[in-house]
Amino acid sequence: MLAKRIIPCLDVKDGQTVKGVNFVQLRRAGDPVEMGEAYSCAGADELVYLDITASSDGRRTFTELVREIAAHISIPFTVGGGINDIHDIERLLNAGADKASVNSAAIRNPELINDIAHNFGSQMCVLAIDAHLEDDGRWRCYVNGGRKATDRELLEWALEGQERGAGEILFTSMDHDGVKQGYANEALAMLSDRLDIPVIASGGAGTMEHFRDAFIKGHADAALAASVFHFGEIAIPDLKHYLAGEGITVR
Amino acid sequence: MEVAIVKYNAGNVVSVVNALKRVGVDPVLTDDEKVLRGADRVIFPGVGEASTTMAYLREHRLDSLIISLKRPVLGICIGMQLMCRHSEEGDVDCLGIFDTDVRRFPQAMLEEGSRLKVPQMGWNTIHHLRGPLFDASTEGKYVYYVHGYYAERCGQTVAESDYGLRYSAALQKDNFYAVQFHPEKSALVGEEILRRFIDM
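Listed in order, the protein sequences are those of chains A and B. Take the first sequence: its position 72, counted from the start at 1, is 72 in the numbering used here, and no numbers get skipped. Heads up: take any position in the second sequence, counting from 1, add 1000, and you land on the numbering used here.
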């Protein structure tokens, strides 16, 4: 039976992870490769590396880093952040990334999804969507790291993304992100029940129960989190053990 | 030990190269007939669409070459599907090494009340293992899958997985081996399978 996936997300700036990891003593603090290896050994099912570097020098550093990660890590990893066009994707996939996530660039130019699917296959293309629940009950999509509102509605955009060839949807609720009160389970379930492709829950993990709820109430195929893992609040082996006890299939 | 990876239009092989390096092998990526025939091990990887990759193989006469190889060959993912008789993906006749056909997972399969997504993406367990790619400790272990099509079970099935239905996770006939999952992305379990293929 297919297992629900647990995915730590690492933010990388100028080749270094910017949030600390407390669950393991690292020889080199902030080394993204060593952190990835530690998560992989702890039982993470996939990894996401987000490049939050602004400069073009930093992006070159990130490509080199992707090459290093690919050489050392034996589980799938997704890269995202700063991807503007098909050339960025090609550069990262050639460096060894298994998947690339696109967000703002895909909303600006939806054809990018078709191009990625056509050139590299749907499985390479993760459509990341940041959305905020408006007062009228509508989930509005945002770009530029949540700073700029768009006319896109969450479900409509996710369905279009699937139609264009996205292989997975990574949905971050801006309302839930960072507040550790659980994932946006209603919206997740609505997405997951309507889409044929997997949905990754993002934003809101604070406790192990939150992961359970994302899978059981939110029907998510995978759950992504950052700080609860990085700061050692939740250890992945403990989380897997807890989820298995709750009747959820985990690796 | 000379290990060759078949070079064709089958997408990214960086992860296969990296995984082989992790198990101590430095593979060559080639479509040269002499090199492929001389290699101790040949890996036939693949990420892509069946009918276009089959057309490419035929055009470059890699189809007859692969069938005629005498040393151990390992097909991975679409590589395995292309070694079967026929694929529903693009309705194409394939290499016919294995006596089975490749079908699309039906939409709207249910498992314990929840809908199974197609493609299957993620970690699933392998069972009923036979042959030199596996040992007893591999039974029931998780491996990483990304696929919307599956090979039906047949007498050459040497591993099975379950995703709404049971399908061939691995096939073997004579010197031809194939896995539907990605050993290069399946952590230590996958590396052990690659190592066994190299060491057999």
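These aren't lab readings, by the way, just hints derived from the structure by calculation. These numbers come from a predicted model, not from an experiment. Glycine residues also receive a C-beta, built at the ideal position from the N, C-alpha and C atoms. It cannot be assumed that every hint is accurate.
[Claimed, not checked] Between beta-carbon pairs, the in silico distance windows are:
# : chain 1 : residue 1 : chain 2 : residue 2 : range
1 : B       : Ser1114   : A       : Asn144    : 47 to 55 Å
2 : A       : Met1      : B       : Tyr1056   : 43 to 51 Å
3 : B       : Met1200   : A       : Thr150    : 31 to 39 Å
4 : B       : Glu1088   : A       : Gln181    : 22 to 30 Å
5 : A       : Lys148    : B       : Pro1132   : 35 to 43 Å
6 : A       : Arg147    : B       : Gly1140   : 25 to 33 Å
7 : B       : Met1200   : A       : Asp175    : 52 to 60 Å
8 : A       : His72     : B       : Pro1132   : 22 to 30 Å
9 : B       : Asp1032   : A       : His241    : 18 to 26 Å
Okay, which hints does this one fail, numbers in order? As far as the earlier hints go, 1, 2, 3, 4, 5, 6 and 9 are violated by this structure, in ascending order.
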